[in-house]
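Two chains, two frames, a set of hints: combine them into the complex.
Chains as they are written, first to last, in our numbering: chain Y, 10 to 414; chain X, 3 to 594.
Derived by calculation from the structure, the hints in this document are not laboratory data.
Among the hints, erroneous ones may be present.
[Claimed, not checked] Which chain Y residues stay away from chain X? Per the calculated CB distances, all over 10 Å, these:
1. Q41
2. D46
3. E128
4. A349
[To be verified] DSS-like, lysine-lysine: derived pairs with alpha carbons at most 30 Å apart:
5. Y:K398 <-> X:K591
6. X:K559 <-> Y:K288
7. X:K479 <-> X:K469
8. Y:K134 <-> Y:K395
9. Y:K278 <-> X:K559
10. Y:K132 <-> X:K469
11. Y:K368 <-> X:K591
12. X:K469 <-> Y:K127
13. X:K581 <-> Y:K384
14. Y:K114 <-> Y:K242
15. X:K591 <-> Y:K375
16. Y:K201 <-> Y:K334
17. Y:K242 <-> X:K581
18. Y:K288 <-> Y:K127
19. Y:K288 <-> X:K581
20. X:K567 <-> Y:K285
21. Y:K285 <-> Y:K398
22. X:K246 <-> X:K222
23. Y:K316 <-> Y:K368
24. X:K282 <-> X:K234
25. X:K559 <-> X:K282
26. Y:K395 <-> X:K421
27. X:K567 <-> Y:K274
28. Y:K288 <-> X:K567
29. X:K567 <-> Y:K405
Yeah, the Cβ is synthetic: ideal placement off N, Cα and C, and Gly gets one too.
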Amino acid sequence: MMDGMEDVLPSETNGTKSGRSDTVDLNDSTLQVDISDALSEREKVKFTVHTKTTLPDYAKPEFSVVRQHEEFIWLHDRFDENEDYAGYIIPPPPPRPDFDASREKLQKLGEGEGSMTKEEFSKMKQELEAEYLATFKKTVAMHEVFLTRLAQHTVFRNDHNFKVFLEYEQDLSVRTKNKKEKVEGLFKSFNKSTDEILLAATQKDVDDYFEREKTFLLEYHMAIKDATTKADKMTQAHKSVADSYIQLSSGLSQLGTIEGPRLEKFINKVADTFEKARKVEGRVSSDEDLKLSDTLRYYVRDGSAAKDLLYRRLRCLANYEQANKNLDRARAKNKDVHAAELAQQNACEKFEHISNKAKEELNDLKARRVTAFKKNLIELAELELKHAKAQAQLLKSCLQSLPEE
Amino acid sequence: MADSREPPPLFNDDKEDDNDDLFSSAVQSPVSEQTTTPEDQRSPEDPLTPPPPAASLTPEPHNPGTPPDLFESVAEGPVVVQGGSPKLSSVPLDLPAGGNGGEGKQQPTFFPTPLQEVSLEEEGDEPDIFDTMSSPKLQLNQDTSEPPVPPSSILPPMGAPLTPPVVPITPTATPSLTPNITPAAPTPVTPVAVARSSPEQAEGDGGDEFIQITVSDPQKIGDGMSSYMAYKVTTKTNVSYFRKKHWSVMRRFSDFLGLHRKLVEKHLHSGRVIPPAPEKSAIGTTKIKLGSDKNADSGSLDFIERRRAALERYMNRTSTHPTLRADPDFREFVELDAELPRATQTSALSSAGVLRLLNRVGETVNKMTFKMDESDQWFEERTQQIESLDAQLRKLHASMERLVNYRRELALSTAAFAKATAVLSSVEEHSSLSRALHQLSESTERTQTIHHAQADADFYVLSENTKDYIQLISAVKDVFHERVKTFQTWQHAQITLAKKREAKAKAELAGRMDKVQQAQEEVTEWEGKVERSQEEFERISRAIKKEMEQFDVMRVKDFRDMVIKYLEDLMTSQQQIIKVWETFIPEAKAIS
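Isolated chain X, as found in the complex (with noise of 0.2 Å):
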């Protein structure tokens, strides 16, 4: 932990490795979302802006300068991360993405660096000592006044992977840190939620960098039922943690249901949205299965255009993510060259699929029937908001579909009349006027071009992208549910440890000391249990804060960026009707 309260100038030393862009962009994104929300008091942080380690270093100035230098010895990556750690943990600034992104994002790069984190976590064991400690430092997040979370919650969605390594690198730093930092707190829970602070605060700052992914050339391979549609997905970008700048990879449908699959088991709890992936649909898929390349009818290649741009959507959806751009998972469905192994649990009839049906129904039961205490008024407000914008956002997609299918009939009945008046023109015997008739057919079949391709940018552009932010609403509600999901745990975790020590007061009245000692240490059990999942759901809480500020944010963007680009394709539509008429003016008035 001391790690994290390196004064920022050292940090910067160290950064001149790859790991530069994950902390610039780390260390921004807290900026960046600190301007853009209003609710934790984070300083407009400016210095983490320049010099990113230095922002996650912020909080360490209070540490004498031994810590840091061991810090440096560890390694520069991890150190990084614990920097902000420990005040980061309190301010929900990124944690959520922090967290993941900065393991994630050092992971392939830096093979120690998780091992690290966690040792240093693992230093952060002393809540109150790193809250008083850092609170004054710790510039990044504004909340100086939250209580110590441990960190402890933080660490579980990130817990596995991070553990193992945790115990070479522990006695390097251990030693240096606790002179510094109190004897840590015997909770080994602690220290992943201070590292997970640092990647997060360092994850927010995504400004500089750039990832485009683009989805195309659906092929169909292989034939008959075991056929499927490959889809080519291309990447550019300049984010460091990728192998190379540009390059594409060939997947599958089952694949990107997969990476989906896995992101929401990884982040869910951590109380990030994720992006929904595109659904399946049995009988599109059916009919490309069966179909030959030959008669692909133009049922089966729209299906397939709107799939494959629903695909793109997706993908850049989910890597405009920071937290979820980062992770290993997403990384390496997007540079491994090979196939990846098929994701068999995404199929919906395997037992897999069962069983997450089953959970599902559990689920929606359980939605239904518990009533969360709600203390949070951020919280209520924001569940009617988000039910109310679902319920208007479905309604308006209905009078957009509506829309796309008057306009494409307006093609189609366009075309019939462009027929009709050529039939026309031929029989007219005065030759002006056919010639006129004849212009007026080929003006109509331009507008009737124009008028489809219009029904398409409809289509494409509204009612598409409408109905993704309807999926993204249900995602949004899904991690808001999550959060109830841990009240439930939480409160579950108070009535037990009640009992308890209920039971360990009965067992004091009847004398029986033995039974005394187990329900002590029951009692100490479920406290830590209750404390634990305390932590849990507040920590939740704010990163559903902070996650709903970027959505919000990405939200309204998108939303304005959909209807510029269509009012705009409307223009254009129009403009181009204009042309039509103008040529035809002339010819119409040349009636002699």
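With the rest of the complex left out, here is chain Y (with noise of 0.2 Å):
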């Protein structure tokens, strides 16, 4: 099943795509990008970009590529090594598609195919193609919301690199970093990571706002972390409980044909509502993923971002007032002072743009980051209530046609 193709369709991620109809404005039709297809292959999966347009620059009013993972990573570092779009909050990049732990989990129950019945292992490799499946709309969705936001917004939306990954046809020939770049980029992330160490202890922030926001952004941004892999244990545990009804189901069905006339009627009616039982803990499961986890997991990557934004600021304002300093040194030997003017100047002025900018996103990541809580909790409740409801109806009606045996 993994080894074929698969198609999605958007239509049937049906709210898979957690936060992407309200952190964007879909409003605006100039560019509308979107995740037309996806396929899975080997080891890779396909998107098929499709974008409508009535802007200008762009050769044709609609049109589709076909792009992978590397590609979006490749299309986010373009804009993360961007200068000008420092004073930015880059919109995280979407994790790689990972089928590794549905893998495994089939490869198991292959392997664990002799001990159990017929319909046991049919019954768990359809579950297991339904997680497959799920994982594979999610990362869908990802990869869509990111593009999504990029077209979205005003200044990106224009990115040269943006038009070309949209527009251009062929490969874009992104290969993944080899050895040499790998170790550069490990050398990079590390030399980053000290430096907003460093800076952190030493550069005192002038605007307060930025300070608070600093010590706020780093609080949340580990608790939201640790919140996350906690919900993502409790979906898990909450899918096994689910996916262990099945064996107590079919079991009980075994138990039925054994027992003989007496018992039987009684015993295939509990597997059948166990059976029903599980279908609906899985969806609790999900749902409990997709709107819960999700959202956490989407804001601690906006989170992250918006920690790089901050440090890229604060690190702005060390150039900045680095440039201070030499102006003042060659003021005093009068020597290179235009140059030293200049650079003040430019310094100055990055970190002015900057902090506007900075303040901006933050405040609007703020309010996204409400809003996105807001409807994802309201949706979880209101799903975990439906189901909840369900499987009581499902046991009592369950309770009510027993007795009658």
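This is the structure:
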């Protein structure tokens, strides 16, 4: 199954696009991007990015290209490294499509095939396939969210790289970083984090607002990361409970055949109920995952991006102050004053620009977060309620029909 | 035996004393059993129910009036017992249960009773006569076609306590009975069977009786290695032969095991299924022995709780079985206010324990090597069914344990999530979102409690009960094996008989008169043994059939109850979850 081609239409991904609709304004039709199709091949997923636009820069009003995950990352890096965008929160890149867990489970299931009955096996296989499908849909959704945020952003949408990404029909030939580049990348991030820590320790922010924001973001980031892991564990456990119902149900039906007429009908009804209950429990688990864990996870990443922004700003501030010092020194030595002045001007402008933008972005982030949480929490609660009611109803009807035996 | 033939009304009159309950229960159970058992052709004997003694007495109708008088004079209790005997012996209605129960029941309340029973039994020596006489009359058990099975087979298990008292009473009963009954056969063995049958029949009726046992208050008595856990056993009952209606005693775990051991010794050969007792656990017990009261950690508390629940189920299962309930050891266990004598034989390390272990090994080897020629279709099918049931239940139990574990995990992870959310809510600066997150944390906390409780229900209701059933099934297998053993004995006796006959023939040919005499004696002896073991075999077969019927009914009922209770628990959990989320939604909506 996983080796074959699997087509998933966005229309099927009902509700899996967690943050999409309310974090971005969809009313702007000048540039609309979505992922209309996705194929899962052996190791990779191919996304069909479909664009509809009224902007003049684009050659055609509507077109599609096929992109792979690495190309998304490439795009993100382009934005990240661009100094012009230093003041913005760069939308977090979508996570790599990870089907390892599902694959492992399927393998384990295959190994254990001999020990269970045919129906049990086919049921568990179905479950795994559904799980795989869900993961698949999620990854499509996340890639889509990334693109839509870029498309809706007033500044980003005009980025050249973005255009290339959307339009260029050939492969972007973005090779994954080879070893050297990977090591380089590692170095860079190491440097960055040490710098971050250094700055955090030494650099005093002139603006209280940012000071507060920084502390808040740091704390929040930790808390939300923690919450995400716990939420994931919870949904996992929930899924396991649902799956164990399968074995219970099939064990019971087998017992029914052995028991003979006296208990058979009774047992079969119960087995059936467990089967249905399992489906509901499974839905509970996946909905929790979608509404709760995914929201948390997304904001972990967004918060990370915000932290990056702050870092950039701080760096900029440090540079600015450095430039100031340089200027003073230059003035004192009366050498290269002009150059220093220019540098200082630049740094000052940059800094101010970043600060303003950053303020906007952070406020924006806050608002987005609150709305997203609100929507998802409401949806989560309603879904949980719906499922609990369904289960209670199922059990009630089962109980009512049982004594009639 | 004549007594057993008494017309019902006679017995009714006699029944004012507390044997009444005994009889009513005894009588009624066969009725109920009859309705459920298709096997033996039991006429749905309603007469059994109303005038309990009548039932047992019906077989007697053909007896002239004198015996009844005799019976009355002799004793009321025993009479009833006797009543059903002749016919009852042929019909395994309540045979196993009745025999033990009747005798057991009568022991405490009516000391002379057993004596009388025994004596009466002796009267019933003439199987042929009884059969012919009783067959037409016995409405209770319908197997009129049954060959005169000497009740002797029934005797052995109960024989011991009863034989001594026989002597004094016999003289009284015998004379009256003899005229009605052809001179009893010389077999001293028969009587017990007869006596057994009536009590069995009497025992069948358990409808109105109520007995409920709770095991509570586990306490640690003593300290260190010599300490032990004592449990309070509270009994509520309206059964007549108990002294009070509601009382409690303190018992320790080895007492329970000792009781089980005694019941097995006494009842297994009669083909009864004895509910298994909870297992010993060296680790758990040592933990408790060595741990102090203060640091009773959740692990050992859990262990104690499991054991307490298991003991309670064990007691209740044993008490629902009418025969076992009437057993004197059981009654003593439940009633005796003082400490019971230490059942040292239950200790795993004692010599008795080692002996038991060796016995068990021998039996296992025996089970595997001896393949019985199964002539009875019923047993063939049942054995198969039991085996597959066993395998299936084990599988089911494994998946139940998995469910319990996963749910416990779910509870834990939900708790962790609740805490993380609480932290998040405290960090969150947006006030209404913070409030909502806080609510989320509380809701999750509540769902966690629900999950935890549900996991407990999963465990105690489903998993432990299924485990009990697996053990019960192995008790059933033990009973089946007993039957195989009796068959073996029978075969062996037959082979020896053939050999003895051969020896006799040889001696005759050789003209050795003295040897012939001796050989003749041996032949006779072995003929008797063959007969007896055959009876034993058939008796146990019948007993098992009956037991299995009862077992099946009980098992089906228990299973249904268990499943229904579990489903109800599940439903309650879901409803609680509903409430939790209902309170959360407005909070979530309130985020501005």
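Structure-based check of each hint:
no., hint, result
1, Q41, "holds, 29 Å"
2, D46, "holds, 34 Å"
3, E128, "holds, 14 Å"
4, A349, "holds, 40 Å"
5, Y:K398 <-> X:K591, "holds, 20 Å"
6, X:K559 <-> Y:K288, "holds, 29 Å"
7, X:K479 <-> X:K469, "holds, 15 Å"
8, Y:K134 <-> Y:K395, "holds, 26 Å"
9, Y:K278 <-> X:K559, "holds, 16 Å"
10, Y:K132 <-> X:K469, "holds, 26 Å"
11, Y:K368 <-> X:K591, "holds, 28 Å"
12, X:K469 <-> Y:K127, "holds, 25 Å"
13, X:K581 <-> Y:K384, "holds, 20 Å"
14, Y:K114 <-> Y:K242, "holds, 16 Å"
15, X:K591 <-> Y:K375, "holds, 18 Å"
16, Y:K201 <-> Y:K334, "holds, 23 Å"
17, Y:K242 <-> X:K581, "holds, 24 Å"
18, Y:K288 <-> Y:K127, "holds, 19 Å"
19, Y:K288 <-> X:K581, "holds, 21 Å"
20, X:K567 <-> Y:K285, "holds, 18 Å"
21, Y:K285 <-> Y:K398, "holds, 13 Å"
22, X:K246 <-> X:K222, "holds, 27 Å"
23, Y:K316 <-> Y:K368, "holds, 13 Å"
24, X:K282 <-> X:K234, "holds, 19 Å"
25, X:K559 <-> X:K282, "holds, 28 Å"
26, Y:K395 <-> X:K421, "holds, 25 Å"
27, X:K567 <-> Y:K274, "holds, 18 Å"
28, Y:K288 <-> X:K567, "holds, 22 Å"
29, X:K567 <-> Y:K405, "holds, 12 Å"
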